[in-house]
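Here's the letter readout for the chains.
2 protein chains.
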Amino acid sequence: MKLNVSINGYGTIGKRVVEAVVKHPFLNLIGIGKYTPDHEALLAIEKGFPVFAPKNSIPKFLERGIKIEGSIEEMIKFSDVIIDCSPAGKGIENKRIYALNNKKAIFQGGEPKEIAELSFNSRCNFDAAREKKYIRVVSCNTTALCRIIKPLMENYKIKNVEAVLLRRAADPCDDKTGPINAVKWSSSPSHHAEDVKTVIENIQISTSAFVIPHTLTHLTYLTFNFNNDSPTKEEMYEIFKKERRVAVIENAQSTAQLIEASRDLELKRYDTYMVYLLMNTFHKNENKISFTIVTPQESIVIPENIDALIAQSNLMNKDEAQKLTEKILGIDLIKNSMEKIFSNPLTIESSIHA
Amino acid sequence: MKLNVSINGYGTIGKRVVEAVVKHPFLNLIGIGKYTPDHEALLAIEKGFPVFAPKNSIPKFLERGIKIEGSIEEMIKFSDVIIDCSPAGKGIENKRIYALNNKKAIFQGGEPKEIAELSFNSRCNFDAAREKKYIRVVSCNTTALCRIIKPLMENYKIKNVEAVLLRRAADPCDDKTGPINAVKWSSSPSHHAEDVKTVIENIQISTSAFVIPHTLTHLTYLTFNFNNDSPTKEEMYEIFKKERRVAVIENAQSTAQLIEASRDLELKRYDTYMVYLLMNTFHKNENKISFTIVTPQESIVIPENIDALIAQSNLMNKDEAQKLTEKILGIDLIKNSMEKIFSNPLTIESSIHA
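Residue numbers (numbering that gives the first Met the number 0), protein chains in the order written: chain A, 0 to 353; chain B, 0 to 353.
In case anyone wonders, no lab produced these hints; they're calculated from the structure.
There's no promise every hint is true.
Chain copies aren't distinguished; within one or between two, either way the pair holds.
Stated by the list, open to error - Distance condition first, Cα-Cα at most 30 angstroms in a straight line; then the derived DSSO-like pairs of lysine-lysine:
(1) K240 <-> K183
(2) K196 <-> K232
(3) K112 <-> K283
(4) K183 <-> K232
(5) K241 <-> K183
(6) K287 <-> K183
(7) K339 <-> K183
(8) K283 <-> K156
(9) K175 <-> K54
(10) K322 <-> K131
(11) K287 <-> K158
(12) K156 <-> K287
(13) K131 <-> K1
The shape of chain A in the complex, shown without the other chains (with noise of 0.2 angstroms):
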């Protein structure tokens, strides 16, 4: 038995995440909620995809020769679960309607946490996931910090993290918003610190942020204050070895480095979902370490709405989960690519022993 899955909005994330949901063994898409007829839905078609209009806008769709499987309301009627992939703020309207036909629902980070019993990261709390009927999979810039804040949490007692967030103005796909050539600043703190603390409750953390003219990832600057110990270069690398949405690197100089090898590796739309841990910008004084993080915006939060329909559905346990939904994605041969050309000691050392 599969689980019927739609997925409500087809832009960046939606997207992607059906790629994902019909390439796994559990789950069975049922369509795509797309409100404007567009060449994406043309794009969606093409592809094979089941297409669903809101039931007034049908019309429009058929007239520019888009063919629609049915209505968004008789979609959600045939789903057991929806992810809800629509701009920011649209999911609380569209909760209504699924609160409606009693069906569960996964939202997204631009959500406000209220519209969910569970903001979600796959690292901090698969297991909490199980049967809620609302989940919220928190943004792609919170789910960069939970990756890096827990296995540091885990070893380490963290006084306080401090976080300089420089925002990518806007995703490739976007040709509406920039800036381009200016830099914009967020009246401190920004918000980014209160998100993580819906994941990571026991946490001091502050965050700022700048929008800089950039399509290609959003970068972190960090600075962990511990209480005592806190760790070397080697036991960074020792520890997100085994962080395997985490690619520990060490020569790569600047984004385009990284999206050129994602391009040249022939990743899907040069997705990685994978946070990236930039070796050659650690220091550390005492008690304290800094370090820069690239977070490709686009892709990191699929491999989370996956798992997080699979916690709550209660299909799998969270080792399995989280290697299936791996598998399907590419991430392990992802990581281990990266890490070598970008110079990760430990995976060239363990490839040279295999």
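Assemble chain B onto chain A, guided by the hints.
Frame of chain A, contents of chain B only:
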């Protein structure tokens, strides 16, 4: 008796220094040293400035219709002081010629500190420049950091300073470098901390740097840790009220807003010569404060170059010299206008009571 000054190199800094020199009542421009026979040379002549070229290159200049007053070697002989504004690293080479002719010289921050007897920042060590034969005016970022650190140091006991620099990728005049859609990082820590220590010796400071695709201004996220007491927002306003080369502003959200205001105020090349302290980014947590500053990289060192000239040749006392430099460049008016436009409460109050 005026001081005879020549400017060797006519790039981003050189062209601005020349225009400040010709406005100064105590300075006499001998000429500009130009190495490439390009449109910038013709522009200098169009503005009425005497242009000199290397002896061997003069025929190439004449061929292109560029009127040359003589060789750079002659220009140096006619001068009391040379302000070396050549590209970073070239100053060392030029210094031999200045020394051979027994001339005083001022170098820019791109040169190593060993080039000069003093690394100069007008706010920090004006009087130390008296009678020094060779002076190095520190770089734009170091100048900005010095203008912010020194006043805080005079009022509070600083434990340490941490700075995250977001550096502009290229100057507006630069059509050679990038990146345009990538972020570069420096292996931490960056060189800026060491450069600040050439001016302020007894400071604990560490710096990290990113290069971002942007041409207008550097930004720096600063964290100050104090030994005991630390300033409130109100105290920050009080301390920096007296700093004539720091604009303390509240209601700006992006560099685009600062630049557009500079253009609307009809500032030449939208130069403001000052560092912006963004008070809407200020936050305080016990003995720690954080905030962001914005550094107009092309113009901030211009007043410092003029002050260095005056101090070196012992022409005026510190306060008179700085005020005359500021009058020539219009700095007081610029600070006042920017603070009013972007809502500094003290500046608004004083204009109501005036």
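Taking the hints in turn, this is what the structure says about them:
| no. | hint | in the structure |
| --- | --- | --- |
| 1 | K240 <-> K183 | between (35 angstroms within a copy, 25 angstroms between copies) |
| 2 | K196 <-> K232 | both (27 angstroms within a copy, 27 angstroms between copies) |
| 3 | K112 <-> K283 | between (34 angstroms within a copy, 27 angstroms between copies) |
| 4 | K183 <-> K232 | between (33 angstroms within a copy, 21 angstroms between copies) |
| 5 | K241 <-> K183 | between (36 angstroms within a copy, 27 angstroms between copies) |
| 6 | K287 <-> K183 | both (28 angstroms within a copy, 23 angstroms between copies) |
| 7 | K339 <-> K183 | between (35 angstroms within a copy, 20 angstroms between copies) |
| 8 | K283 <-> K156 | both (16 angstroms within a copy, 23 angstroms between copies) |
| 9 | K175 <-> K54 | within (28 angstroms within a copy, 54 angstroms between copies) |
| 10 | K322 <-> K131 | within (22 angstroms within a copy, 68 angstroms between copies) |
| 11 | K287 <-> K158 | both (10 angstroms within a copy, 14 angstroms between copies) |
| 12 | K156 <-> K287 | both (11 angstroms within a copy, 21 angstroms between copies) |
| 13 | K131 <-> K1 | within (19 angstroms within a copy, 82 angstroms between copies) |
Checked against the numbered hints listed earlier, the structure breaks none of them; every hint is satisfied.
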